[in-house]
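Enquirer: Sequence:
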Amino acid sequence: NHLMVLGLLVFESTVHRHQLYFRLNNSLKPPPFSIIFQGITRQHLDHGILPCIKYFINFFFYKFGLEISLIVAVNVIGQRMDFYALLHSCALLAVLSRRRRKAIGEVWSKYCTFTAGLMVLQYLLCIGIPPAFCVYPWRTAVHPLSSNVIKWFYMPDFAMRPNPLFIFDYLLLLCSSLQWHVFEEENRAAVRLLAGDNVEISRSLDPCSFNQFIPVDNFLHCCYLDMVKVFVFSYFFWLVLCLIFITGTTRINIFCLGYLVACFYFMLFGGSVLMQPVRYILRLWDWLIGYTCFVIAMKNLV
1 NHLMVLGLLV
11 FESTVHRHQL
21 YFRLNNSLKP
31 PPFSIIFQGI
41 TRQHLDHGIL
51 PCIKYFINFF
61 FYKFGLEISL
71 IVAVNVIGQR
81 MDFYALLHSC
91 ALLAVLSRRR
101 RKAIGEVWSK
111 YCTFTAGLMV
121 LQYLLCIGIP
131 PAFCVYPWRT
141 AVHPLSSNVI
151 KWFYMPDFAM
161 RPNPLFIFDY
171 LLLLCSSLQW
181 HVFEEENRAA
191 VRLLAGDNVE
201 ISRSLDPCSF
211 NQFIPVDNFL
221 HCCYLDMVKV
231 FVFSYFFWLV
241 LCLIFITGTT
251 RINIFCLGYL
261 VACFYFMLFG
271 GSVLMQPVRY
281 ILRLWDWLIG
291 YTCFVIAMKN
301 LV
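Counting in UniProt numbering, the sequence shown tops out at residue 302, every number present.
By construction, these hints were calculated from the structure, which means they are not laboratory data. Just so it is clear, CB atoms sit at the ideal spot from N, CA and C, and this is done for glycine as well. Incorrect hints may have been included.
[Unchecked claim] With a cut-off of at most 20 angstroms between alpha-carbon atoms, the simulated EDC-like pairs for lysine to aspartate or glutamate come out as follows: (1) 54 x 157; (2) 54 x 197; (3) 63 x 184; (4) 110 x 197; (5) 151 x 200.
[To be verified] Here are the simulated distance ranges between beta carbons: (6) 126 x 279: 43 to 49 angstroms; (7) 27 x 279: 49 to 55 angstroms; (8) 121 x 274: 41 to 47 angstroms; (9) 190 x 99: 46 to 52 angstroms; (10) 130 x 193: 54 to 60 angstroms; (11) 5 x 160: 24 to 30 angstroms; (12) 232 x 143: 38 to 44 angstroms; (13) 268 x 53: 51 to 57 angstroms; (14) 189 x 120: 23 to 29 angstroms; (15) 193 x 280: 22 to 28 angstroms; (16) 243 x 90: 48 to 54 angstroms; (17) 56 x 90: 30 to 36 angstroms.
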């Protein structure tokens, strides 16, 4: 594993030095954003399948890095299922409670600091203290803690060492650090001209008047890219409802009841929900996302 990481670092350094030498040798300026395909901007996104794929290869994390970071955070919680997973759940709730992307960007540096500090703390707990210096009181007390409690709190222990698997924590720290960089880059005019802006739409808009705020043509020209858009914008809502229904029916407990209620509520109104004011639609999804984070935290606690 260490040789693989070292090989990847050598490969990245070689490519970076080769690109730097090529630009200096040909008097080329480096792009304002690290991209693979030159000349692909936001204006090329709607020109076809191939330009769309090239655009997302260049700027996928720029557009969806926040969502990827949140998915990785949920994955860390699901893999750990201990006291530190509960802390990650609380941090996730604190970040999502900001709701707007700009507000999340203001506290994202604190979230990265929290993630890095938690990872260092867990590393120190895995190292522990040499047995010659002291004995841990949770093992030598009159009423010692059980092994399950020690494992859940991730305490250092001579009898059963903590599991030093930090790959998911590392991925979370990597994604959150990259997203921190994205939050800084999206405020630069050169990057916005190249990749487009990440400004949210106003919550006071009416969905019936969206067409006057959309800068691209209507996607009903029967090309393959338009078919993909029709699927995403017309059927993705129902796909999400299917996932909510599956989540609520795979297990039988009090938490799944909330998913079933949410699914039947959305299905009761159907596609007419999407024609409500933006503020109302986002409020519904905010409640569903908040309930999901609450369920994740409670499952770690119990």
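Enquirer: A separate judgement is required for each hint: does it hold in the structure or not?
Expert: Status of the hints after comparison with the structure:
About 50 angstroms separates the Cα atoms of residue 54 and residue 157, which puts this hinted pair outside 20 angstroms; it is violated. A distance of roughly 18 angstroms separates the Cα atoms of residue 54 and residue 197; the hinted pair therefore holds under the 20 angstroms criterion. Between residue 63 and residue 184 the alpha-carbon distance is near 13 angstroms, which keeps this suggested pair within the 20 angstroms criterion. Between residue 110 and residue 197 the alpha-carbon distance is near 23 angstroms, which puts this suggested pair outside the 20 angstroms criterion.
Straight-line distance between C-alpha atoms of residue 151 and residue 200 comes to about 43 angstroms, which puts the hinted pair past the 20 angstroms bound. Separated by about 47 angstroms at the C-beta atoms, residue 126 and residue 279 satisfy the suggested range of 43 to 49 angstroms. Between residue 27 and residue 279 the beta carbons are some 52 angstroms apart, a value that agrees with the proposed interval 49 to 55 angstroms. Roughly 44 angstroms separates the CB atoms of residue 121 and residue 274, a value that falls within the hinted 41 to 47 angstroms.
The hinted range of 46 to 52 angstroms is not satisfied by residue 190 and residue 99, whose Cβ atoms lie roughly 28 angstroms apart. For residue 130 paired with residue 193, a C-beta distance near 57 angstroms keeps the hint of 54 to 60 angstroms intact. Separated by about 28 angstroms at the C-beta atoms, residue 5 and residue 160 satisfy the suggested range of 24 to 30 angstroms. Taken as a hint, the range 38 to 44 angstroms is violated for the pair residue 232 and residue 143, whose Cβ atoms sit roughly 58 angstroms apart.
Under the hint 51 to 57 angstroms, the C-beta atoms of residue 268 and residue 53, about 38 angstroms apart, miss the expected range. Range check, residue 189 to residue 120: Cβ separation about 36 angstroms, and the 23 to 29 angstroms hint is violated. The given range of 22 to 28 angstroms is broken by residue 193 and residue 280, whose C-beta atoms sit roughly 34 angstroms from each other. In this structure the supplied range 48 to 54 angstroms is violated for residue 243 paired with residue 90, their Cβ-Cβ distance being about 25 angstroms.
Checking the proposed 30 to 36 angstroms range against residue 56 and residue 90 shows it holds: the Cβ atoms sit about 33 angstroms from each other.
Hint compliance for this structure: hints 1, 4, 5, 9, 12, 13, 14, 15, 16 are broken, all remaining hints hold.
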